[in-house]
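The task is simple: from the sequences and hints, build the whole structure.
So the chains spell out like this:
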Amino acid sequence: MSKRTTIDARGAFCPGPLMELIATLKLVQIGDEIDVLSSDKGSAIDIPAWVGKVKHEMVEIAEETDYWHIVVRKIK
Amino acid sequence: MTPTLFIILCSGEHEKIQMAAMTASVAAVSDRPVEVFVSMNALALFRKDFDRTHYEGGEFSKLMQERKVPDAIELFEQGKVLGDMKIYACSMAMDVAQIELGDLFGELVDDAGGLTKFLSDAESGQLIVF
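As they're listed, the protein sequences go chains E and G. Using this note's numbering, you'd call the opening residue of the first sequence number 1 and step up by one each time. Using this note's numbering, you'd call the opening residue of the second sequence number 1 and step up by one each time.
Each hint should be verified, as a subset may be incorrect.
[Said to hold, decoys possible] Covered stretches of chain G (chain E as the covering partner; in silico rule of three or more C-beta atoms under 8 Å from a C-beta of chain E):
id: 1; region: 16-26
id: 2; region: 29-41
id: 3; region: 70-80
Think of the hints as simulated: they come from the structure by calculation, not from any bench. No experiment lies behind these values; they were computed from the predicted model shown. Don't be surprised by glycine CBs; every beta carbon is placed ideally from N, CA and C.
Structure follows, in structure tokens:
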């Protein structure tokens, strides 16, 4: 059963949200999802690019009023 | 495997140190091996007695410290823990400043190193200087 973990990285500057995502990816199981909440504009571009490069999977990216939900699934 | 990114960090300016730390850590966590050669004024940053609350820099440094951007040393630490990064302290700068390897953060600095070997290794990758 896959789980979803939320990381509230709002207020953190680049590359803080990415680093928090990567640290958390080490802790969760394959198939689990991580929902990164980020107010850093660059994360909405950088995190999907990183996910594509290292071959995890983007599940969803959604913009709220002043932050983004960036949902990533651990593949390997 | 992506070719190694080689970084020479010699400036003591906060802005350059921050950019080097961001570049090194993001590359390392993006499956790109990174080697950092630290020399000149940047060496002080890797001393155990370095005060992280007091970086020297210009206007942007003040802004970064006020707004609490990720600390440069912490970014290097994260890059090492989460990726493939090695940091070498320039043996010439250590001699001139009379710094021993034991004066530097052991968790950060892998070894003392010479510029000749670093440049030779860097022929196989890309080199950036800060």
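Consistency of the hints with the structure:
Counting residues of the region 16-26 of chain G whose CB lies closer than 8 Å to any CB of chain E gives 3, so the stated coverage by that chain holds, three being the minimum. Residues of the region 29-41 of chain G with a Cβ under 8 Å from some Cβ of chain E number 3, which satisfies the need for three, so the listed coverage holds. With 3 residues bearing a CB less than 8 Å from a CB of chain E, the region 70-80 of chain G meets the requirement of three and the coverage assertion stands.
Consistency with the previously given hints is maintained throughout, with no hint failing.
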